[in-house]
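A.B. asks: Take a look at the letters that make up each chain.
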Amino acid sequence: MRLLVSCLGLILLPPAVAGSEPPVDFARDIRPILASRCYDCHGPEKPKGGLQLISLQSALRGGESGTPALVAGASARSELIARITATDEEDIMPQKGERLKPAEITLLRRWIDEGAVWPENQKHWAYVKPTRPPVPIIENPNSEIENPIDAFVFARLVQEKLLPSPAADKARWLRRVSLDLIGLPPSPAEVAAFLDDTSTEAHARVVDRLLASPHYGERWARPWLDLARYADSHGFQRDDLRESWPYRDWVVRAMNADLPFDQFTIMQIAGDLLPGADAQTNPDPLIATGFHRAAPTNVEAGADQEEGRVNQVIDRVNTTATVWLGSTLECAQCHNHKYDPFSQRDYYRLFAYFNQTERETAFASAKATATLAFTGPFVSLPDTANDPKRAATNARLKTIDDEIAAASARVADALPAWERSARAALATAPQSHVLKIASFESSGDSGHRVLPDQSVLLTDDVPDRDTYTITARTTLTGITGFKLEALNDASLPGNGPGRGEAARPNFVLNSFRVTAASAGGEARPVKFVRATASFSQATFPAANLVAPAGGKGWAISPQFGRDHWANFELAAPLGSPEGTTLVFTLVQNLGSGRTIGRLRLSALTGSIGEAAVPADVAQVLPIPVAQRTTAQTALLHAHLIAHDPAIVALKQSRAKVVQELAELTGPRTLVMREVAQPRMTAVLKRGNFLDPGEPVQPGTPEILHAMPATATPNRLDLGRWLADRENPLVARVTVNRWWQEFFGQGLVRTPEDFGVKGEAPTHPELLDWLAVEFVEHGWSMKHIHRLIALSAAYRQSSRVTPELLARDDSNRLLARGPRFRLEAEAIRDNALAIAGLLSPKLGGPPVRPYQPPGLWDSKVGGDRVTYEVSTGEDAHRRGLYTVWKRASPYPSFMNFDANNRGACTVRRSRSNTPLQALTLLNDPVYVEAAAALAQRLARERPDAGVAERVRFGFQLCVARTPNAVESAALEELFAQQRAAHRDDAVAWQAVATALLNLDETITKN
Amino acid sequence: MHPIETRLRDVTRRTFLKNSGVGVGAIALSSLLGESLCAAAQLSNAAAAGARPPHFAPRAKRVIYLHMVGAPSQLDLFDHKPALAACDGKPCPEEFIAGKRFAFLRGHPTIAATRFAFQRHGRSGAEISELLPHLAGVADEIAIVKSLHTDEFNHAPAQLLLHTGFGRPGRPSGGSWVTYGLGSENSDLPAYVALQSGPLAGAGTGLWSSGFLPSVHQGVQFRGSGEPVLFLDNPKNHSATDRRQVLDTVRRLNEAQLADVGDPEIATRISQYELAFRMQTAVPELMDISKESADTLALYGAEPSKASFANNCLLARRLVERGVRIVQLYDADWDHHNNLATRLPAKCRDVDRAMAALIRDLKQRGLLDDTLVIWGGEFGRTPMAQTDTGTGAKSNPGRDHHKEAYTMWLAGGGVKPGITYGATDELGYNLAENPVHVHDLNATMLHLLGLDHERLTYRYQGRDFRLTDVHGKVVKGLLA
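So the sequences go chain by chain: A and B. For the record, in the first sequence the residue sitting at position 306 is 306 according to the working numbering, with numbers rising by one throughout. For the record, in the second sequence the residue sitting at position 212 is 212 according to the working numbering, with numbers rising by one throughout.
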């Protein structure tokens, strides 16, 4: 420990007194303990045993026993101290939660002994608007003072009799500041340039370069998107993907442009209500409201839609309070807050602002009684970039339509010739008779509709597996077989015929069983002798369905997007004029929704070939041309057109072009939109949405700054109130979160809770100075970041001695620089950058980097989406752009403490686990990065020896040059691997793997 | 073996089995930098992994939790209600629907009696339906709780409420709370493992997520096919020797870095890399059930190298044998809104033999005494029939979601065996005695593990969170 000795500096301005311990400060030291450890039972609400510890008076009055809780000046005679130090389980306080820490007990003792000073009506520090404190002047400072931040930090160190750490070496600082400001490591050229730049402006030049980088916004969007609980899916059981990424890109752009934080706030809370907001001409304010549309939506069938809506409003209130007020309001959902001055009424007055937006779900169809669809409001954004492509695609569509029309006309000409041959064949050709559906059952709870053509269209949630049970009655006789058609439909993914997913709409029919019962007779299974199909997948022939062994069933990959049929020939004809009841059982149990999406059943008569003539066509054919009705002629035309190979091919091309066109629509994004008819808001008793109490009007908590009165208060007023210069919390809360990003911990270490239960700031004057500086400097985020990045406090080395670690293990006093593991996305970004793989592309739809196969395939409820790994540069985009599916988030990020974005997160945990080691060693993403790094070493240092390449690789990873021990270890690894494999590439990959796995590589040092 | 590693291993093994409360980082650090730093490191984030003492003497050391995703029908399995037969097919009493909300039922539904036969079993005379003949054989080992109730009647929220104490995403699962409270007893395997048969449950991987607790407490999914744990296998052509050489190099550099900068997190990192290396051997060994005796395989109905509930039950026993604290099994497809008459028997065939085998096997190995087994779904099913699919189409009858009353069973780990606890009313709609809310179940689970659910708290976003939120009471009547 570097203890201060007499020659060291004196502080001339506050904090004034050094020397004996300062007196205990009630607001700073005592109230937080009482609030967090005692108020659960002895706070303002329903005190246990009648004892309240909310004022000196109440403490002296004591509880029902009449014993005062304390005796001012005599801790030894104070009941409070006796109880918190009791050893008997029955007596010890608190009864709930952890025991008090020795330091807390000491503080309480000292406070009582010093007279138990308990100021009345003293507002908690965080609810008093900050004023700019004087900057301490340190004479003979022990370190360079770069800006006022340092004066505050070093003044505190003087007080603590500690010395600041020396500055980190230049390479380490450059890496630290690059990772902090743009989330990427410096390139070797940047390192070299900075090491060569000996001017006094060198650091400032680097910081300004980084602040101007487009990657700055990407890096700083990450923590903001955690606050916004931004994700690319709804969450809950029906976790379908949603399109709202333009909001994510707007955050990046806003940060790059240093959009003043007050405007940044107002746009996200209420951009839709700002004058001039328009999806085409001024979309940003609308896009920004995606912040609160990121709340998860429950679209599960059978969910109570009003409950879902209320839960979202609650989420919006709680998130707003956490992000802009650093306050935990959710306690006040059910009752007045136990510690902080927020009443339940305050809560629902805030709720009223958010209670006016549209519901995001509706019944899935007019008939549906429980199944839901996501209907949340969105806007389509301008997409001028795609205009030329759209025009070209439309032109292609027109050409195909013309060709279809021409081909159809030719078919009409060919009709007479076809009729002649068809009539000749009709004598022996089979005829098909569409069966009328009497009932349809899906074992997987699918919905269905019987269409006018008697085909059954499956709807709603796609079950993993399904068995259809279909009943039909017919009076046909001489039935020689059955035809099963698996048909396309625009409502099916990729047009079908399967239901699983758009990319591969296959189905696998495992068995096709039929029973027949004559009127009054028993149902008997029918026997088949043969099955043929329009097309069968290589190892899934339709013949499997009639083979005794069964086989794997019938499937149709890769001929998706077109109709298919299979004919099943009976061993013996069946049917009677009294009627036959047929029950078809279609088992489809492959999983992953490989089930038929639209099907039709027909009975066949006559001898079965592969080209059955439909019965209705067969009926028309014998009628002389002149006697046919228009409808009959049209029927023949339609039949011919439907079976003309050229037209079938054209129609398939058309479907593809239509699909392309659909994909060319401009991006959509979710927005807030007010309902036309305002809703009434009431206090919800115990938070229960079915139990409304007293009605309330929109309004803000009374303890905080006033809101100017308006006639019809709405979200825009709330947004302006949050970003008001009079708001005592917003600037402090915001700069504190940034501080946390730079130093690993905020100046207030409970960044989500500035209330009485939260921790007091470690450097209160510094916090207030930064808050005021932020507001007075036009709410500029970049200005504050520049100050922090250029401070000497931030520049300190992160080395820690055992003594300092013992004194201040978590670096509260800032006597050293920050050192902590990078966050999940940054670990991957960093590895890809080092390997030379990282794509610099900004923005756009979410991407799907490699993840192990199958993770999205099997899931109860919702659309089925196969995780198709992105190709090209999209395989190597920054982690910010990785698709965030709440029920199945990207696994390697989760292993590094990312969260599934189900709720607002202010602080991610930072754990250290074996799964992290396995991820970095074995995840193909990192294996690929190691291989690429090995190649990069060879490519960029072609003529270098082992030592030089090792040095280069080391510099790429951690910016500094390796010392002798480090070089030797890596060179030895190369030699071992070279000897074992006799392959330089393999040996270099091992070295690269080691480099990417170093603690230092994944750490901001 | 490197001397530090030897030391680390010896010390950590020993330490993990005692309740020292000292993490790996602290031990590694003390060996590197001398004892003086040990105390400081204990204060840091490093000490996350080792075993920690419970609040009081535990009855159970581990939990196997069999979650039937979708919610099995208690009325067809355990809660026998002969009175339903009398009004089968008749409109249900008005009070069943007045002011009530259902996921799917609309209008005035009819009563549906069970189609299955019930019998009394064992000395305890527990009523169990014919669909669970194997479980009936161990009736005297289990405590059937007929009075569960919950607040949520949609799958994802109810699964989240049961697992995390809150019906919306973001909070830690019970398993994470337990490992947060008690740490790990095995230095080669994660303390909390999830196994799955069938599709992922509606609430997704959030069911075994550590929420706002550090991710060291998250459940790790072991998979029946492919890599048993994601990223467990070395890349192709990278042998164990290659891996060891890389790891030794990484460790040398990390040690140099530790000596230079002194950050205890580096010591933890070193130990976590060693643990990862050991996991690469321990996990495949664990997952290989082919060396189990033919009798054992037959008892469970397990077949090596197949993903099934039966295999998962056998794996659960192997996991708890190795000191894994929480094993959570998820079996899908219990959501029988229609065709209950055929679908429920099929699902029972999937699980009955194996779950009974699990109890017998744990017992014969002396593990049942301190292993708590819990079986059940996220809610129950209605005494009324559901005859549509919610899309407007008709269907063969099933039952809708029911949050007012349902059944779960518990066994071992300090639970009174051979009892039936709680009861529903005559028609099985409401609770009649001894209600057990899912919060109470969680409070009881923690209690059996030696944890006071009101004291197991974590400060986050300004609140002291608990698994039981602000509710829950230990169900004394279930304790042996």
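Do not rely on the hints blindly, as some may be mistaken.
To be verified - Lysine to any residue pairs mimicking SDA-like chemistry, simulated, CA-CA at most 20 Å apart:
#1 A:Lys129 - A:Ala27
#2 B:Lys236 - A:Ala27
#3 A:Lys685 - B:Asn339
#4 B:Lys236 - A:Tyr850
Said to hold, decoys possible - The following label-pair restraints were derived from C-beta to C-beta distances:
#5 B:Ala240 - A:Glu948: 51 to 57 Å
#6 A:Lys841 - B:Arg278: 38 to 44 Å
#7 A:Ser199 - B:Ala240: 51 to 57 Å
#8 B:Pro133 - A:Ser380: 55 to 61 Å
Hint data in this document are derived by calculation from the structure and do not stem from the laboratory. Values in this document were obtained by computation on a predicted structure and should not be read as measured data. Quick reminder that beta carbons are idealized off the backbone N, C-alpha and C, glycines included.
A.B. asks: Evaluate each hint against the coordinates.
C.D. replies: Evaluated hints:
1. A:Lys129 - A:Ala27: holds (16 Å)
2. B:Lys236 - A:Ala27: violated (61 Å)
3. A:Lys685 - B:Asn339: violated (40 Å)
4. B:Lys236 - A:Tyr850: holds (17 Å)
5. B:Ala240 - A:Glu948: 51 to 57 Å: Distance hint for Ala240 (chain B), Glu948 (chain A) is violated at roughly 31 Å.
6. A:Lys841 - B:Arg278: 38 to 44 Å: Once the Cβ atoms are compared, 40 Å apart, the range 38 to 44 Å for Arg278 (chain B) and Lys841 (chain A) holds.
7. A:Ser199 - B:Ala240: 51 to 57 Å: Cβ of Ser199 (chain A) to Cβ of Ala240 (chain B): about 52 Å, so the range 51 to 57 Å holds.
8. B:Pro133 - A:Ser380: 55 to 61 Å: holds (59 Å)
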